[in-house]
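This note's numbering numbers the first residue of the sequence shown as 189 and each following residue consecutively.
No wet-lab data here; the hints were simulated from the structure.
Model, not experiment: these values are computed from the prediction.
Possibly wrong hints are sitting among the right ones.
Unchecked claim - Here are the computed distance ranges between Cβ atoms for each label pair: (1) Y422 - R829: 47 to 57 angstroms; (2) H264 - G868: 36 to 46 angstroms; (3) F364 - K250: 41 to 51 angstroms; (4) P235 - E616: 21 to 31 angstroms; (5) R829 - S275: 32 to 42 angstroms; (6) W517 - R289: 27 to 37 angstroms; (7) S288 - S230: 25 to 35 angstroms; (8) R712 - A613: 40 to 50 angstroms; (9) E563 - T848: 18 to 28 angstroms; (10) P901 - R253: 49 to 59 angstroms; (11) T350 - A753: 50 to 60 angstroms.
Backbone N, C-alpha and C define an ideal beta-carbon position, used for all residues, glycine too.
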Amino acid sequence: MMEKIRRDIPNAFSLPRRISRLGQLAYNTWWIWNPEAQILFSQIDKPLWERLYHNPVAFLRKVDRPRLNAVTSDQHYLDYYDRVMRSFDAYLKPAETWFSRTYPGLKHKQIAYFSFEFGLHESLPVYAGGLGILSGDHIKEASDLGLPLTGVGFIYNQGYFTQRITEDGWQETRTFHLDSELVPVIPLFNEDGKPAMISVDLPGRRVFARLWEVKVGRVSLILLDSNVEENSTYDRSLTDKLYSNDLDIRISQEILLGMGGVRALRLLGYKPDVWHMNEGHSAFLALERLRELVAEGKSFTAAVEQARASSDFPTQTPVPAGSDEFPHWLIDKYFGYLWPQLGLDREQFIDLARNRQPWGGETFSMPILALRHAEHRNGVSELHGQVARKMWNYLWPDLPEEQVPITHITNGVHTGTWLARRLRALFERYLGAGWMEHLDDPAIWARIDNIPDAELWAIRRHLKRKLVYYMRERARDQWLYSGTHPVQIIASGVMLDPYMLTIGFARRFATYKRANLVLRDLNRLLSIINRPDMPVQIIFAGKSHPADEPGKLLIQDVYRTVKKAENGGRLVFLEDYDMNLARYLVQGVDVWLNTPRRPNEASGTSGQKAAMNGVLNFSVLDGWWREGYNGQNGWAIGDDREYESLEAQDAAHALSLYDTLENEIIPLYYRERSADNLPGDWIAHMKESIRTLSPRFSIRRMVKEYTDSMYFPEE
189 MMEKIRRDIP NAFSLPRRIS RLGQLAYNTW WIWNPEAQIL FSQIDKPLWE RLYHNPVAFL
249 RKVDRPRLNA VTSDQHYLDY YDRVMRSFDA YLKPAETWFS RTYPGLKHKQ IAYFSFEFGL
309 HESLPVYAGG LGILSGDHIK EASDLGLPLT GVGFIYNQGY FTQRITEDGW QETRTFHLDS
369 ELVPVIPLFN EDGKPAMISV DLPGRRVFAR LWEVKVGRVS LILLDSNVEE NSTYDRSLTD
429 KLYSNDLDIR ISQEILLGMG GVRALRLLGY KPDVWHMNEG HSAFLALERL RELVAEGKSF
489 TAAVEQARAS SDFPTQTPVP AGSDEFPHWL IDKYFGYLWP QLGLDREQFI DLARNRQPWG
549 GETFSMPILA LRHAEHRNGV SELHGQVARK MWNYLWPDLP EEQVPITHIT NGVHTGTWLA
609 RRLRALFERY LGAGWMEHLD DPAIWARIDN IPDAELWAIR RHLKRKLVYY MRERARDQWL
669 YSGTHPVQII ASGVMLDPYM LTIGFARRFA TYKRANLVLR DLNRLLSIIN RPDMPVQIIF
729 AGKSHPADEP GKLLIQDVYR TVKKAENGGR LVFLEDYDMN LARYLVQGVD VWLNTPRRPN
789 EASGTSGQKA AMNGVLNFSV LDGWWREGYN GQNGWAIGDD REYESLEAQD AAHALSLYDT
849 LENEIIPLYY RERSADNLPG DWIAHMKESI RTLSPRFSIR RMVKEYTDSM YFPEE
């Protein structure tokens, strides 16, 4: 059926013939992790490129024709253009890839990767946070390695939300409206020229979704969109926003993603051999696959065995609030038609994902549905694997906790997306040509010691200046265009010093992440940051889910402290945290702070992004840092142990945080300087961090592990 689907890249750009392939490049997000490709656009009109949020599709639609004509007369630009296009072509049609070399007999295999969100780039805001960034990094790396993978998700017409902080510190949300003509999404059509669509059955009606495609290097990401005229106004809004707290909307979205996503792949001609459910949101795909197999004549038991054998489920959270569960009455409402098709009665159907709550109630649990219908299951760090085995032990009551069939594969990050361009060029000189083909090889990263301290430190100083300049320009825009109160301008970082020790804390503001831990003893903190000879500045950023009132109160608590005159402008809160701001932060600060209540951080990846850029981690021994910390590549907050209470943990961690700052981190940064004013010991820690963490927490290592142990373990 695939040949009946037309993939028409919109051709609305009026480009000079000599540079006409910029349109093709704009519609393949390969440019996201290839800085040279981005430069092709920015050199035409850099202010416009920045104003349009580094979005090449919007850029080519809005750039003035004279500027396009001008670069066709610039031989330097044209030579650069030709080089980039040759690299692009070589990437799309390589002689071989890691997958083709490692699994030469599996070229016909297909992997389907389902996720509720995909964080590819700030110009395509169909992500909310870490889960989406991980999904985006995963499919980018699948492209780099040549995996035959296809992603399935939603195109959110209102994205997540843009954040504004009021003068009193309260988070306000503003709606973002996605214009499909201004983002790199390709509409799919049937052979008769009509939009390619699938449908699912919801109570009393059929809901339709049209299909879009995003080219991510060599792989495709299929996005479902319910905003079509065939649907009611209510159903058209199903793919408007991420993470509604309305249960009817949430279950409808997850039916559309799971069951509708399977139908979308079938319509496009895909026959996946592996089904990857990134968190439980997509677990209804198991029901659709069971329905298909039973309709083919298989018994329900045989269908379960066949579907389970080809399914993988990485659980991404140890926090109960992160697990979607639905009351039984809602399952009756949405699936009463389905269990007869499966040959089941109601109770048998509920048993597929029945979760008995401690208070005596029962729910239909999406993680349980996924766990029971996946052959391969894993946590996303070593500690999270242990937590998950304990958490779900009751599903395997005959097994001791250590034998519960949930392993772990620790998350990683995509180097090309998150590494600063100047560091990339530096590594090219000292790690050797082709080093990016060996990102998970510790031997390559051992060459980091070949880099002269002065060169590495010069780039680190440049990245800090770049961060501070960006923050000042953001504050200037707030002052000019939004009527922001002067105190808020100061809180936005206009008084920061690019050469002062700078700590970054940026993540979702959930209460367990304890953004205010560093503020626990405010007087002590003020004495730390305001020392005349060794001052410190701390940058906060992050959003809270609109329905998370405690999270919004946490933002308010932090923001009110940031505004206090006593901190001298050295505490900062940056609103509207997204991938663009994240890049500036993970590349520009000196220390990356992470303070979750242990063991609630399944993995975390922001510190991994910081580490590859020479930023030192200062974190609780939770998630990935428990595996990465070696005593010389950063600092630990607290011990690798459990505490008798949350209050005891908070108190111990706050004390450890302050003591380590005062006695280790700050003196190391300021006092240990050589004759040429280089902090030699600090740089040694930086090199140790880059050398030990970059290969181990590369998403290349992670995707290879998934391929070897989850996707094709028998090959």
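Here's how the hints hold up against the structure:
no.: 1; hint: Y422 - R829: 47 to 57 angstroms; result: 50 angstroms, holds
no.: 2; hint: H264 - G868: 36 to 46 angstroms; result: 39 angstroms, holds
no.: 3; hint: F364 - K250: 41 to 51 angstroms; result: 18 angstroms, violated
no.: 4; hint: P235 - E616: 21 to 31 angstroms; result: 29 angstroms, holds
no.: 5; hint: R829 - S275: 32 to 42 angstroms; result: 49 angstroms, violated
no.: 6; hint: W517 - R289: 27 to 37 angstroms; result: 53 angstroms, violated
no.: 7; hint: S288 - S230: 25 to 35 angstroms; result: 34 angstroms, holds
no.: 8; hint: R712 - A613: 40 to 50 angstroms; result: 41 angstroms, holds
no.: 9; hint: E563 - T848: 18 to 28 angstroms; result: 43 angstroms, violated
no.: 10; hint: P901 - R253: 49 to 59 angstroms; result: 55 angstroms, holds
no.: 11; hint: T350 - A753: 50 to 60 angstroms; result: 29 angstroms, violated
Consistency note: the structure conflicts with the earlier hints numbered 3, 5, 6, 9 and 11.
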